[in-house]
Structures are given as structure tokens and as C-alpha cells.
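Chain order of the listed sequences is E and B.
For any residue, its number in the working numbering is found by taking its place in the first sequence, counting from 1, and adding 3.
For any residue, its number in the working numbering is found by taking its place in the second sequence, counting from 1, and adding 3.
One should not assume that every hint holds.
Stated by the list, open to error - Computed list of lysine-lysine pairs in BS3-like fashion (alpha-carbon distance at most 25 Å, straight line):
1) E:Lys269 to B:Lys296
2) E:Lys308 to B:Lys97
3) B:Lys269 to E:Lys308
4) E:Lys206 to B:Lys308
5) E:Lys104 to B:Lys104
6) B:Lys104 to E:Lys97
7) B:Lys308 to E:Lys269
8) B:Lys308 to E:Lys104
9) E:Lys296 to B:Lys269
10) E:Lys20 to E:Lys269
Stated by the list, open to error - Simulated coverage check for chain E against chain B, where a stretch passes if three residues somewhere in it have a Cβ under 8 Å from a Cβ of chain B:
11) 103 to 110
12) 150 to 157
Think of the hints as simulated: they come from the structure by calculation, not from any bench.
In this text the structure is predicted, and so the values were computed from the model without any measurement.
Ideal placement from N, C-alpha and C gives every residue a C-beta, glycine not left out.
Number of protein chains: 2
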Amino acid sequence: MYDYQVLFNFTQTVFEKMGLSVEEARQAANILMRAELRNISTHGLVRLPEYVRLWENKRITVTPKFTVVHETPSTALVDGGKGLGLVTAPKAMKLAIEKAKTAGTGWVAVRNSYHFGIAGYYAMKALENNMIGIAMTNANPLVAPTFSKNGMLGTNPIAVAVPAGEEPPFVADFATSPVSRGKVDVFEGEGKDAPDGLLQDAKGNPTTDSSILRNGGALRTLGGDVAHGGHKGFCLTAIVDIFSAVFSGANFGPTVVPTLGYVENKTGAEDRGIGHFFGAMRIDAFQTAEAFKAGMDGWIRTFRKAVPVAGQERIIIPGDPERVAEKVNLEKGISLGDKTLNGLKQLAEKFGIPF
Amino acid sequence: MYDYQVLFNFTQTVFEKMGLSVEEARQAANILMRAELRNISTHGLVRLPEYVRLWENKRITVTPKFTVVHETPSTALVDGGKGLGLVTAPKAMKLAIEKAKTAGTGWVAVRNSYHFGIAGYYAMKALENNMIGIAMTNANPLVAPTFSKNGMLGTNPIAVAVPAGEEPPFVADFATSPVSRGKVDVFEGEGKDAPDGLLQDAKGNPTTDSSILRNGGALRTLGGDVAHGGHKGFCLTAIVDIFSAVFSGANFGPTVVPTLGYVENKTGAEDRGIGHFFGAMRIDAFQTAEAFKAGMDGWIRTFRKAVPVAGQERIIIPGDPERVAEKVNLEKGISLGDKTLNGLKQLAEKFGIPF
């Protein structure tokens, strides 16, 4: 188990060594550490070597210019200037929150950005302002649309955070694919097959081979085949791609320049980064804040006291397990997988930082 | 095959006999007929007897008061005054569009409303105004959250319509459950089992029995079990419930007073109707309209020319099949199922209208 503060400081130092300002390095470290605390380790420190590689390959700049290109009272387009999402996205979410203060809601699309960590971090920023938060992003083309032979869409996560009154907030934060790429990596690392229906091979045939993403295969959409609603999963992932990348003018779908060595760069499109989309809505935009909070408390309590099926203790309110994990991990420390540990050790050596 | 105009006139007359104004009866008929044209017959004329029953049971009023209860520059809460969604929702969507004209985006939550037909109708209204349209609603509690024994959420549809330049628009319109209740009814009517993984029985055990919704069973969420991402489907359906009903103060989740005889009214909650949520975003809210249209044309063309798996002709762009169907059905006439036909004949008799 590793102490939270030790890992935080190490991560901040790596970002500083890359050339981020102290404040932005702390911000970026905070986002990655929040993922570790919330047990979303696929979006935590395991990504740090990827960011360093993006920087070494000159895909990102560490002192990006943040430009508001176009705006209306409730919207803005931001050009992230080829910075990491960890640097640009907090500013974009802040802008959405500022817009919402006067317009009731604020919506910000971002282009020329890169990986931003967990979507939930940004959605939860709204909670501190008595707002509902929304965050989404597109990503490496790994998901095959219904009937497509090839991966053309990202695992495109979406996060929605809704404050309540006495209850803790509702925080949904999920890849719109049935599983994340990280989960498939875990099956592969353990030498296990993936469950049926999640993957297809290079010809588009169903497979359980958990190494298939490195061999021309793709993830399927949420739902799987058409009989099980997989075309709805395609719609959902496509909507996230359009909101994140077409609204902003970032690279969309298969034109995303991959950050993964094993994903083919099919289009040779100009690199305008990936796109994000952020939203903030005042809780008193529709009713009084009091009525809203009481309503959300009612919703959460109704579902929390629902009758579970045999063998399950309860219905899980989105955000509950992660909130519990934050508390436990902060107290007892964070466990890191071998891949993450090796990555951090290599970074320690590269930058001459003690680990 | 039935002529479009004949069915339209009949439907309008039924609504007029119920007491709707000529203009609102035409509007309501238009929404139902749009579903028939688009081959979404589960939301077409088969629903007309349900609306008459709601009216006879005094669940709805036919001359509802439309009240804007609360607003900000980009948002509003509407009380539908216990009117049909077919009457209230077009006005609410219009309000969202008006808000977007000045604020860049417009967002309207509605309570005290009832069934509004196809969500896509409202989302597509935005297209005529060079806007992106969003529509969602909650519904009868038929979907069991992950680990829940009982149906607690509706099939809660979501529609997103995005205009392009030279290409026809992207129109996604889907129940967030893997299949709609109507689809299960079709399996039952044909005496067939439903595919694996879509349904659970009264104890929460998986079943393929297509009559199970009438016997205490429930639909599962998109994705099915946790290994296949069913908890993400729960999040999605929950988000639609919260946006539609908690934002507005309508009945949420299991507190929705069912319009289906076989769904138990579990809570005895006050009937504040179901809730809807509408959004409109100007296409020039983030970039110039020209850049947006070019970007969306690029997105649509990229996916339309994707390589299909063996046995499939193409990847389907959401909205394409429905647009083709509209043209064909308008020319060649509309086919009606037995249940729909019987319902219409009974209404003809009840109201003394020739059919």
C-alpha cells in the first residue's frame, strides 16, 4: 500500500519535470490521484507514462494557450492549444460554471486537447457550486459501431454529477462501451478470456480473446448485438463523439490520432487533438434550490431502499462505492498494480526522482 | 395499407371528440402519424386508445394550462397542467428553441404531463431552426435497476437530432432499455420467447418469457448483467429519469402512476404526471454555422462509408432508415397491426366516426 501524499507528490514532481507550472502540475496530479482514490485505477497513475510519451513525441505542449474561440451567453468553444486535458479541462469546466452563474446553464466544447483523466472529476466540480455537472470526451478509436468491421469510436465516457440535500450526490461516471479498454487489459494481463459478447476480431466476428485489441480487433457497443440493443449503445457513443469533437472541431471517431501504439492511424488527418464537452446547470435553474434538493434526496432514498435480488445486498446508487473508496484509500493507502509500479519506477529513473 | 391522410384525419377527429382544440388535435395527430411514417408504430396509433382511457379516467385534462413556473435566461420549468404530452411538449420544445435564440442554448423541464409520443419528433423540431435538439421523458416503471428485484424505471427514451450541411441530419431516438415494452408485446403477440438477457421474472431471475411484464417481471437495463455493462445502462436510464422528473418535480422512477393496467401502483404518491426534458443548442453556439455543418457532413460521410462485417450492407447512420420509411409510407400507405386496427375500430364506434 502506498501513501496518498507520497504518490501525489511524486506525480506532481513528474509533471513539473515535464515543464508544467507548479500550480498546473498540482492540479494534474490531483486529478490522477482522485482516480486512484475512487478505485478507477485505469485512469490513474498507470496513465502517467503515456503522458510523458505524448510529451516526448511532441504531441502535446506543456504550456498550452487556452483560447476562447467563440461564445454565446451560455456556451463557449475553447481551443486547448495542444495541451493535456489535465491542464485544459479544469479551466474549461470552470468556464462552464461561470456561464451557468448568469445564464442558468453553461456548455463548453474543447478541441486540441488530450487525455483528461476521469470524466467524473469535472462533473463533480459543479457540485461545489450547487450545480449539476456533465463531462464527456472522445478517445482512441477502439469501439466498432453496429455492423462495422473496425473500431471507429472511442470508449467515450460520460459523467453526470447531481447534488442532493442531505444525501451525498449522485455521480455516474462510465465509459459508454460495455467495458473500458483498461478492463480488457486486465483480462489479458491475467491470461483470461473476456466474457462473451464484448469483443470482435479483425473480421468483425465475436471473440473472447482478450488480446484481440492488439491484433486488429475491437470492442463492441453497450448492449452487444442488435437483438440486445447494441445499436442503442452505438447511438450513445456516437452522441458523445459528436458533442465532444464535432461541436468543437477536434478529431472525431476514426480520425482521432491514436495515443496507443497498437491502434492503426487510419486517416492521416491533421491532429486537432481529441474533444471534450462540459456542462453545468444551476440547481435553481428549474425549481428553487430547496425543492431540487428535496427531490433529489427523495430519488436517492427511494432507490437506496429498493428490494435487491437474492444474493445481492442492495441497489447501488451511482457514486456510492467511489465515495466509500476515497475515504478508505486516503486512510489505508493505495495499492498499485505491477504495470503501474513499473511505469512509475521507470519515470523515477528517467527524471532522477526518488520513488 | 391505409392512406396517410385518411388516418391523420381520423386521428385528429378522435382528439377533437375528446375536446382538444382543432389546432391541438391536428398537432397531436401529426405527432402520432409521424411515428407511423417513421415505422415506430409502437408510439403511433396503437396508443390512441390509451389516451382516450386516460381522458375517461380523468387522469388528463384536454384543455390544460401551460405555466412557466420558474426560469433563467437559458432554462425554464413548465407545469403541463395535467395535459397530454402531445399537447404540452410541442410548446415546451418551442420555448427551449426561443431561449436558445438569445442564450445560445435552451433547456426546459416539464412536469404534470403525460405520454408525448416519439421523443424524436421534438428533437427534430430544433433542426428547422438550425439547432441541435434533445428530448427525453420518463415513463411507467418497467425496468429493473442493476440488482433490483422490481421494475423501478421507465424505458426512458432519449432523442438527439443534429443538423448537417449537405447530408440529412443525424437523428438518434431510442428507449434506453435494450428493447421497448412494445417490442416485448410483439414477441408475446406472436407467441415467441424474447431473446436471452432482456427480461427478469418477479424474483429477479433471468427469463425469456415474453408475457412476464404482465406477471410481475421487469425489463433489464441496456447491457444486461454487470459483466456486460448493465450498470451503465442503469446509469443512463437513471439520468433520463432525474433530468425529466427530478429537475421538474414530476413523479420519478417507481412513483410514476402507471398508465398500464398490469403495472402495480406501488407508492400511492400524488400524481404530478411524468416529466420531460428538452434541449436546443444553436449550431453556431460553438463554431460558425458553416464550420459546424461541414464537420457534421464529414462525420456522417465517414461512418456511412465504413467497412461492414460480412453479411451486412452498411453501417446505419441514426435517422437514415426512418427518413427512408417516411417517404415510402407517405407514398404507399401505412400498414397497421391487428391490435392497432381493433383499437381504432372501437374508437370509431365510441365516437361515431366512420373508419
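So, going through the hints one by one against the coordinates:
no.: 1; hint: E:Lys269 to B:Lys296; in the structure: holds (23 Å)
no.: 2; hint: E:Lys308 to B:Lys97; in the structure: violated (38 Å)
no.: 3; hint: B:Lys269 to E:Lys308; in the structure: holds (14 Å)
no.: 4; hint: E:Lys206 to B:Lys308; in the structure: holds (17 Å)
no.: 5; hint: E:Lys104 to B:Lys104; in the structure: holds (19 Å)
no.: 6; hint: B:Lys104 to E:Lys97; in the structure: holds (24 Å)
no.: 7; hint: B:Lys308 to E:Lys269; in the structure: holds (14 Å)
no.: 8; hint: B:Lys308 to E:Lys104; in the structure: violated (43 Å)
no.: 9; hint: E:Lys296 to B:Lys269; in the structure: holds (23 Å)
no.: 10; hint: E:Lys20 to E:Lys269; in the structure: violated (33 Å)
no.: 11; hint: 103 to 110; in the structure: holds (count 5)
no.: 12; hint: 150 to 157; in the structure: holds (count 5)
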